[in-house]
Structures are given as C-alpha cells and as structure tokens.
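Q: Sequence:
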Amino acid sequence: MLNNHPNRFFEGKDLKILKTEELNKLKSNFLSLTILQAVNYILPLLTLPYLVKTLGVDYFGLLAFATATITYFGTLTDYGFNLTATKEISIHRDNPQKVSEIFSSVMIIKFFLLTFSFLLLLLLTLSFSKFGEHWEIYLLTFGTVIGQFLFPVWFFQGMEKMKYITVLNLIAKSLFTIAIFGFVQSKEDVYLVPLFFSLGGIVAGFISLYIIYTKFQTHFKLQKVETIKTYLIDGWHVFLSRFYVSMYTSANLLLLGFLTNNVIVGYYAIAEKIVLAIAGIFEPLNHALYPYLARKYKENFGHFVILLKRIALLFIVSALGFLLISEYFVQELVYLVHGAYHLSIAFLLSIFLLRVLTYPYGALLSNALIIMKETKDYMKVMNYTVILNFMFVPLSIYFYDAMGLVIAFIFVTFIHVLLLWYYVYQAIKDLRRQ
0 MLNNHPNRFF
10 EGKDLKILKT
20 EELNKLKSNF
30 LSLTILQAVN
40 YILPLLTLPY
50 LVKTLGVDYF
60 GLLAFATATI
70 TYFGTLTDYG
80 FNLTATKEIS
90 IHRDNPQKVS
100 EIFSSVMIIK
110 FFLLTFSFLL
120 LLLLTLSFSK
130 FGEHWEIYLL
140 TFGTVIGQFL
150 FPVWFFQGME
160 KMKYITVLNL
170 IAKSLFTIAI
180 FGFVQSKEDV
190 YLVPLFFSLG
200 GIVAGFISLY
210 IIYTKFQTHF
220 KLQKVETIKT
230 YLIDGWHVFL
240 SRFYVSMYTS
250 ANLLLLGFLT
260 NNVIVGYYAI
270 AEKIVLAIAG
280 IFEPLNHALY
290 PYLARKYKEN
300 FGHFVILLKR
310 IALLFIVSAL
320 GFLLISEYFV
330 QELVYLVHGA
340 YHLSIAFLLS
350 IFLLRVLTYP
360 YGALLSNALI
370 IMKETKDYMK
380 VMNYTVILNF
390 MFVPLSIYFY
400 DAMGLVIAFI
410 FVTFIHVLLL
420 WYYVYQAIKD
430 LRRQ
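Counting from 0, one number per residue, gives the positions in the sequence shown under numbering that gives the first Met the number 0.
In short, the hints are calculated from the structure, not lab data. The model shown is predicted, which means the values in this text are computed figures rather than measured ones. Possibly wrong hints are sitting among the right ones.
Pairs of lysine to aspartate or glutamate residues, derived as EDC-like cross-links and limited to a Cα-Cα distance of at most 16 Å, are as follows [unchecked claim]:
#: 1; residue 1: K186; residue 2: D57
#: 2; residue 1: K375; residue 2: D233
#: 3; residue 1: K129; residue 2: D57
#: 4; residue 1: K272; residue 2: E331
#: 5; residue 1: K372; residue 2: E298
#: 6; residue 1: K52; residue 2: D188
#: 7; residue 1: K372; residue 2: D429
#: 8; residue 1: K428; residue 2: D376
#: 9; residue 1: K186; residue 2: E135
#: 10; residue 1: K97; residue 2: E225
#: 11; residue 1: K214; residue 2: D93
#: 12; residue 1: K214; residue 2: E225
#: 13; residue 1: K428; residue 2: E373
#: 14; residue 1: K372; residue 2: D233
#: 15; residue 1: K375; residue 2: E331
#: 16; residue 1: K52; residue 2: E187
#: 17; residue 1: K297; residue 2: E373
#: 18; residue 1: K160; residue 2: D93
FRET-style restraints, in silico, Cβ to Cβ [said to hold, decoys possible]:
#: 19; residue 1: F389; residue 2: L221; range: 40 to 48 Å
#: 20; residue 1: T213; residue 2: I90; range: 47 to 55 Å
#: 21; residue 1: V224; residue 2: F300; range: 29 to 37 Å
#: 22; residue 1: D233; residue 2: N382; range: 17 to 25 Å
#: 23; residue 1: T374; residue 2: L319; range: 24 to 32 Å
#: 24; residue 1: L44; residue 2: T248; range: 13 to 21 Å
#: 25; residue 1: Y327; residue 2: P95; range: 45 to 53 Å
#: 26; residue 1: L430; residue 2: N94; range: 21 to 29 Å
#: 27; residue 1: F300; residue 2: L125; range: 49 to 57 Å
Think of the CB as a built atom: it goes at the ideal place given N, C-alpha and C, for glycine as much as any other residue.
Use the sequences and the hints to build the structure in full.
A: Dropping the structure here:
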C-alpha cells in the first residue's frame with residue numbers, strides 16, 4: 000500500500016528510488032516552487048478583477064494581446080536555456096569553474112538575443128498599425144523580457160536552490176500588486192500596468208545577479224567564441240521546441256486578436272488565466288523534478304523509468320480531481336476573477352478547463368524526451384502539433400470566435416500529449432534494448 004510509508008510512492012519493490020537526502024532536497028525545492036507558483040498566479044488574480052473593472056474588458060484584452068506578442072521575444076531570448084542550462088548546471092554544480100563558464104556563456108548569448116529582439120520589436124511597431132497604434136504598451140511590456148534576462152532562473156534550478164526564485168518572485172509580484180492598486184485609477188493609466196510589471200521583474204533580476212555573485216561565487220567572464228558556439232548549438236533544438244509551443248499557445252491569442260476584437264480577446268484571456276492558475280499547480284513539481292530526473296537518468300536508467308511512471312500516475316489522478324472540483328465551481332470562479340457572473344466567460348471556462356488534464360504531461364513528457372536526448376522525436380511532435388493547430392484554429396476562430404479557439408486548442412493539446420506518450424514509450428523501449 001502506498002500509505003504505509005511517506006516515501007513509499009517513490010520506492011521500488013526492493014530498492015529505494017530516492018535517498019533520504021535527495022528526497023528532503025526535492026521536498027524543499029517542491030515547497031519553494033509551490034509557493035512560487037502560488038505567488039505567480041494568486042497575486043495577479045488579485046489584481047485581475049480590479050484591472051477588468053478599472054480598464055474595461057477592451058483594454059484588458061489589449062494588454063493580453065501585447066503580452067502574447069512579447070512572449071515571442073521572451074522565447075527567443077530564453078533560447079531554451081531554462082532546460083539546457085539547467086541540466087548543465089545541475090551536472091557540473093560541484094565544479095565552480097565550469098559553472099562560471101556556463102553562466103557567462105549563457106548570459107552573453109542571451110544579451111545578444113535580447114538586443115536583436117528589441118530591434119525586431121521596434122521594426123514591428125514602425126511597420127504595422129496594429130502594433131504602432133499602442134506602441135508604448137508594447138515597449139513597456141518588453142521590459143518583462145529584460146527582467147527575464149537579468150533573472151537567471153535556470154541557474155538556481157540547476158543548483159537546486161529554488162528558495163531564491165521564490166523570494167525574488169515574491170518581491171517582484173508584490174511590488175507590482177501594490178503599485179497597481181496604488182496608481183492605476185482609470186483607463187488612462189493602462190500604460191502603468193506593463194511598466195510596473197516590468198520594473199518588478201527588473202528589480203528582482205538585479206538582486207538575483209548579486210546573490211549569484213556573492214552566495215555562489217560565480218563570476219562573469221568573457222568566453223571564447225568556440226565555447227559560446229557550443230552552448231548555442233546545444234540549446235537550438237529546445238529553442239525550436241519552445242518556439243513551436245508558443246505557435247499554438249500565444250499565437251492563438253494573436254490570431255484571435257487579428258480576427259476579432261479586444262473585447263473577445265479579453266473574455267478569452269480571463270478564462271485562460273483561470274485555467275492556467277489551476278493547471279499551473281503542477282508546474283512546481285515538474286520544475287523541481289527536472290534536474291533530479293536528469294541526474295537519475297545518468298546514474299540509473301531503471302530508477303528513472305520507475306519514477307517517471309509514478310509521477311505520470313500521480314498527475315492523472317490529481318488532474319482529474321482538480322478538473323471535477325473546478326467544473327463544479329465555474330460560476331464562482333468567474334465571479335471571483337471578473338467581479339461579476341458573465342455567461343460567455345463561464346461557457347468558455349467550462350470547456351477550457353479540460354486543459355487541466357493535459358497541462359502537466361506537456362512538461363513532464365517533453366522533459367523526459369530531452370533528458371533521453373531524443374530531441375529529433377521531440378521536434379517531430381512539435382511539428383505535428385503546430386501543423387494541426389494551424390489547420391483547425393484559424394477556421395474555428397473565423398466561425399465561432401473565442402469558443403471555436405478553445406475547442407480547437409483542447410483538441411490539439413490532447414493529440415500533442417498522445418504523441419509525446421508514444422515517443423517516450425518508444426525511446427524507453429529502444430534504450431532498454433541497448
């Protein structure tokens with residue numbers, strides 16, 4: 000029985016998958032990331048009803064559209080280092096010289112990608128009226144990308160010191176929340192929302208760099224071109240996969256914005272934020288497990304497979320529970336976030352909540368393929384997913400607006416997870432034969 004021992008879920012029949020020290024560290028990291036996830040979603044949800052009421056659904060939709068646009072620049076700047084650099088730091092964390100090399104190389108690459116992204120944004124606002132009409136919103140929202148650059152989350156994840164991520168995000172989100180309630184009083188203050196959000200991230204970023212320099216004795220050093228090129232190549236496939244993910248997440252909201260209007264985008268964004276707040280409960284465990292799974296794969300493939308199966312079982316049971324509870328309280332959730340009951344949002348949300356079933360597996364199975372170095376299969380999945388997405392989503396939006404987008408998106412995500420399952424199964428089977 001799983002209940003006989005608190006660690007039994009992570010034990011094999013005759014062997015222990017997690018050592019006590021490793022389990023304690025995993026619990027600590029999971030707790031830190033759980034608090035982080037709560038901060039990331041609960042504090043914005045506190046401001047959401049206020050922003051919708053103060054700015055109106057149309058301006059809220061504009062902010063959501065701008066955020067979806069800037070997400071692409073964030074993806075470009077991150078370049079997949081949240082996975083590849085995390086893995087490298089985790090493997091070499093006991094080698095300070097190697098850690099400094101990884102840190103410096105990644106930061107150099109990200110700086111050039113950040114500069115390139117900013118130039119692209121300027122070109123976008125100057126070339127298209129859709130973006131040029133509210134160019135200040137887009138430039139201010141780009142500050143979040145600067146904050147992501149300054150805050151190397153991948154470093155702390157690789158070192159398995161998630162508490163720093165939690166504390167710094169709490170600082171950033173708290174500053175943002177206080178500023179929103181203190182200064183945003185009317186529609187004319189819409190520009191303050193991305194400004195405050197960006198400033199919170201930038202402040203947290205500078206503090207994180209100070210911690211890395213003082214606590215971890217990791218120093219920035221210029222690296223050889225060959226060294227930088229190695230990390231650039233290493234992150235390429237993961238970057239493409241992350242870009243493809245944004246092609247069927249953020250791109251969908253952009254399509255909705257181009258084909259409808261800011262009000263409909265606002266309704267969709269409200270439902271999406273509720274779903275992400277619920278589904279995001281699984282993110283802390285995925286983030287906490289990733290560096291451990293990477294090491295476990297290298298040390299003992301059998302233990303890696305056992306742990307992967309048990310996490311998958313835990314996810315499906317938990318996801319079903321969260322889905323049923325959320326569906327029961329749909330009206331209350333809409334009232335809580337929107338400030339009033341709205342039939343269109345409630346209808347969207349009731350369908351959108353099916354995303355809770357697939358959300359945890361996207362990260363878990365993608366990470367598993369990357370850890371097993373099956374990046375080609377991972378890219379196949381992403382290619383198929385993007386093709387499916389653009390086959391169904393535009394027509395669905397054209398005929399059924401936001402509801403069409405939700406139904407098409409749910410269908411695509413289910414196919415996406417099934418494909419991931421298939422390739423993970425094939426990879427495990429092939430590795431066992433070796």
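Q: When the hints from earlier in the document are held up against this structure, which numbers fail?
A: Violated hints: 12, 15 and 20; rest satisfied.
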